[in-house]
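With the hints as extra help, turn the sequences into a complete structure.
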Amino acid sequence: MLTRSDRAEIEEVIAIYGHVVDDNAWDRAHLVFTDDFVFDFSEFGRPNLNGVIELQSALRNRKVYSHHSTNIFIQEVDEDTARVRSKFIGFSNEGPPISGDYRDVFVRTPAGWRLSRRRSSVRDPRFD
Amino acid sequence: MLTRSDRAEIEEVIAIYGHVVDDNAWDRAHLVFTDDFVFDFSEFGRPNLNGVIELQSALRNRKVYSHHSTNIFIQEVDEDTARVRSKFIGFSNEGPPISGDYRDVFVRTPAGWRLSRRRSSVRDPRFD
Amino acid sequence: MLTRSDRAEIEEVIAIYGHVVDDNAWDRAHLVFTDDFVFDFSEFGRPNLNGVIELQSALRNRKVYSHHSTNIFIQEVDEDTARVRSKFIGFSNEGPPISGDYRDVFVRTPAGWRLSRRRSSVRDPRFD
Numbered sequence: 008m009l010t011r012s013d014r015a016e017i018e019e020v021i022a023i024y025g026h027v028v029d030d031n032a033w034d035r036a037h038l039v040f041t042d043d044f045v046f047d048f049s050e051f052g053r054p055n056l057n058g059v060i061e062l063q064s065a066l067r068n069r070k071v072y073s074h075h076s077t078n079i080f081i082q083e084v085d086e087d088t089a090r091v092r093s094k095f096i097g098f099s100n101e102g103p104p105i106s107g108d109y110r111d112v113f114v115r116t117p118a119g120w121r122l123s124r125r126r127s128s129v130r131d132p133r134f135d
Numbered sequence: 008m009l010t011r012s013d014r015a016e017i018e019e020v021i022a023i024y025g026h027v028v029d030d031n032a033w034d035r036a037h038l039v040f041t042d043d044f045v046f047d048f049s050e051f052g053r054p055n056l057n058g059v060i061e062l063q064s065a066l067r068n069r070k071v072y073s074h075h076s077t078n079i080f081i082q083e084v085d086e087d088t089a090r091v092r093s094k095f096i097g098f099s100n101e102g103p104p105i106s107g108d109y110r111d112v113f114v115r116t117p118a119g120w121r122l123s124r125r126r127s128s129v130r131d132p133r134f135d
Numbered sequence: 008m009l010t011r012s013d014r015a016e017i018e019e020v021i022a023i024y025g026h027v028v029d030d031n032a033w034d035r036a037h038l039v040f041t042d043d044f045v046f047d048f049s050e051f052g053r054p055n056l057n058g059v060i061e062l063q064s065a066l067r068n069r070k071v072y073s074h075h076s077t078n079i080f081i082q083e084v085d086e087d088t089a090r091v092r093s094k095f096i097g098f099s100n101e102g103p104p105i106s107g108d109y110r111d112v113f114v115r116t117p118a119g120w121r122l123s124r125r126r127s128s129v130r131d132p133r134f135d
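Protein chains in written order, with the working numbering: chain A, 8 to 135; chain B, 8 to 135; chain C, 8 to 135.
FYI, nobody ran anything at the bench for these hints, they're computed from the structure.
Please note that a few of the clues may not be correct.
If you want the ones that stay clear, here's a sample from chain B, every Cβ over 10 Å from chain A, calculated [unchecked claim]:
#1 I23
#2 F44
#3 V59
Quick list of in silico lysine-lysine cross-link-like pairs, BS3-like style, CA-CA up to 30 Å [said to hold, decoys possible]:
#4 K70(A) / K70(C)
#5 K70(B) / K70(C)
#6 K70(B) / K70(A)
Some residues of chain B that are not near chain C, with every Cβ distance over 12 Å (derived) [as the list claims (entries may be wrong)]:
#7 D42
#8 V45
#9 R126
Model, not experiment: these values are computed from the prediction.
Glycine included, C-beta positions come from ideal geometry on N, C-alpha and C.
Here it is, written out as structure tokens:
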């Protein structure tokens, strides 16, 4: 069973994600992502991003310049895998802040828990 | 005395609240609320909501479509009761995001810590 | 090494900070700040604030009326000192919400972990 320590580590990785992405601190990406990380963009009808290099490249012209994570809810899949729901607030240079959801898969690696897969969706009240 | 584990559980319930309410995932309401849950709306001069069914019904036409919780501060009342202050950010389809406060009572149940009473207030800079 | 309990305490102090500052609950300032607390405003080209009294006075005419903390990342310096990065969302009565970063120093005191130094910076997409 996931311990409180496992859960705190996962929460910490989610926190660091925001700093790495918003600060372009890609030298710290190893603290967050697995080597085979996939950013699942199927929700947006765009191809997935595979690995940190593709993520970094895709974010170069991003409009959302700050990412805040809240409401982290961790569910154990097995001893080394967890599904994690969280919410995010994104600050965009093209309008007011947005609210969205992350659906993550975390895996236990020798270096600690790392983000293996992230799916992002934006809440749009017009389509609710 | 509340253990770190008690506190982490309470934080988790606050996180799940946002997902249940925003996703209309009422089949998960038992993870969040006690059976005798009261949403105290006295601050808004409206009658309280009693139980999840009344809450669900009241939220049907809500304008705030996403709720983010932050700044959770847990204070022990006794071994089985805690008062919890937190802040929330609400995304509304009628204007910019709002900032507010939750004042909660949590109780320890056989199933874990659950939200027994919530009072919500919105910060309005005009009245500060 | 910092324990999970140390980390949870530091997170709690960051949470309480928002309540103290936004509620003007200065009678609880001792739960947050060391006696020799410094708010480092060098980023804004303004003199530092020294101690809670100066902070309280400086905040009297503040425009940001609500502070939400997220993305807390704690790094141990030594057994009694930690550097902490976090993000904040500020609600201002002069425009839309802002996103910023706190760079903190926490120290272990006989009463628990307390905030010894905070540097704040606001993310402005125009200057990124």
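Quick rundown of the hints versus the structure:
Distance check for I23(B) against chain A: the nearest CB is about 5 Å away, which does not clear 10 Å, and the non-interface claim fails. Residue-level check passed: F44(B) sits 19 Å from the nearest beta carbon of chain A, beyond 10 Å. No beta-carbon of chain A is positioned within 10 Å of the beta-carbon of V59(B); the least distance is around 18 Å. Between K70(A) and K70(C), the direct Cα distance comes to roughly 26 Å. Compliance with the 30 Å bound is thereby established for this hinted pair.
Note on K70(B) and K70(C): the hinted pairing holds, with a Cα-Cα distance of about 26 Å set against a maximum of 30 Å. Note on K70(B) and K70(A): the hinted pairing holds, with a Cα-Cα distance of about 26 Å set against a maximum of 30 Å. With a least CB separation of 29 Å from chain C, D42(B) remains clear of the 12 Å interface cut-off, as annotated. At roughly 23 Å, the least C-beta separation between V45(B) and chain C is larger than 12 Å, which holds for a residue marked as non-interface.
Separation of R126(B) from chain C is adequate, the least Cβ-Cβ distance of about 15 Å exceeding the 12 Å criterion.
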